[in-house]
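Which chain is which? The protein sequence lines are A and B, in order. Just so you know, the working numbering puts 129 at position 129 of the first sequence, and the rest follows in order with no gaps. Just so you know, the working numbering puts 225 at position 20 of the second sequence, and the rest follows in order with no gaps.
Hints were generated in silico from the structure; no laboratory data involved. One or more of the hints may lead you astray.
[Stated by the list, open to error] Sample of chain B residues facing chain A (criterion: CB under 10 angstroms; computed from the structure): (1) LEU260; (2) ASN261; (3) LEU268.
[Claimed, not checked] With a straight-line cut-off of 30 angstroms between C-alpha atoms, the simulated DSSO-like cross-links for lysine-lysine are: (4) A:LYS20 <-> A:LYS125; (5) B:LYS287 <-> A:LYS181; (6) B:LYS213 <-> A:LYS125.
Nothing here was measured: the structure is a model prediction, and the numbers come from that model. For glycine and all other residues, C-beta sits at the position ideal for the given N, C-alpha and C.
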Amino acid sequence: MLFKRILNIFGTNNFQKTKKGKKTCTECEYVYDKLLDECPNCKYLKILTDNSFDEKSDNLKVIRTIRGETAIKLAKHMGLKLLELRAEVSDEFKIKYKKIKHRITGEIITIGDFRADSRYSWKYKTLVDWTSKNPSKFFSPYAAYVIPKDLKKGELVLINDVITNHVSGRWNQGDVYRLSKSEATWTGEYFNIDVSSYAIGDIIG
Amino acid sequence: MKINPSSKEIFTDTGEFIKRLHCPIHVKWNAMKKNGMDTRICFECNKTIHDTASLNDTDLVRLINNDPQACLRVNLNQENIKIIH
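Produce the complete structure using the sequences and hints provided.
So this is what it looks like as structure tokens:
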């Protein structure tokens, strides 16, 4: 029943506005922040059936990360092997930003650099003054990695959405970035995250 | 020059997309062989890596137009970069 209903979700991401800046997903009825582009509940359900995760990236298996009770419940129903972890919120992370709007065109820009502020002076009005967001805050504390059945002990993989908190880089304007993507080694019980693989102090490519 | 550290995409100050930085080898800048003031050689692939700290937008666009696969180094703390989200 749950499985059939969830499979019907993979169409458009419909929502209706509710009070207090929230949206209610018309598919799964989950109430979520209006600032999000799509229902987070449905987003992680889609990941479970997204075949692009079966393709390797840089010759590494890609590990699916799912978040939220519904996706975890479905994954268990599908018989998938999971490594469940709690998504902790850490106050260490901070990404500052300011939202501005062009007075004539209405274009909305998000800037993250104090030095960019003066460049957008009189042409723009401030929508959200300098504030910061914490990238370790997710919609649910429940998260899990889906472990491929053929994953071997000691195998290097790519995780596109790391659950545990690691500092990816620091910027001299105070921003502290969270590692979201990383290479990791499967020990047979957990993943050893190689923080340096995708750290962002120096970006090369 | 602007960079989005999450997507690793770099743009000119006017918002023109230049390149998405991606290196599957993850070699560190300090581990590369010095090659003059502004470039280094990667030991793994033998390519030249250009330090964008010394480039302006015009130089950078010209460089990528001539060689779209050119490797770049961006440090979040360099003077000529602005960070966007």
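Given pair status - A:LYS181, B:LYS287, alpha carbons within 30 angstroms: Cα-Cα ~22 angstroms, so holds.
Satisfaction of the B:ASN261 interface hint, Cβ to chain A closer than 10 angstroms: Where the cut-off is 10 angstroms and the nearest Cβ of chain A is about 15 angstroms from B:ASN261, the hint is violated.
Given hint B:LEU260 near chain A, where the shortest CB pair must fall under 10 angstroms: For B:LEU260, the interface hint is violated, since the closest Cβ of chain A sits about 14 angstroms away, which is over 10 angstroms.
Satisfaction of the B:LEU268 interface hint, Cβ to chain A closer than 10 angstroms: At about 14 angstroms, which exceeds the 10 angstroms cut-off, the nearest Cβ of chain A leaves the hint on B:LEU268 violated.
Given pair status - A:LYS125, A:LYS20, alpha carbons within 30 angstroms: holds (24 angstroms)
Satisfaction of hint between A:LYS125 and B:LYS213, Cα-Cα up to 30 angstroms: Between B:LYS213 and A:LYS125 the Cα gap is close to 28 angstroms, so the pair holds against 30 angstroms.
Violation of the numbered hints given earlier is confined to hints 1, 2 and 3; the remaining hints are satisfied by the structure.
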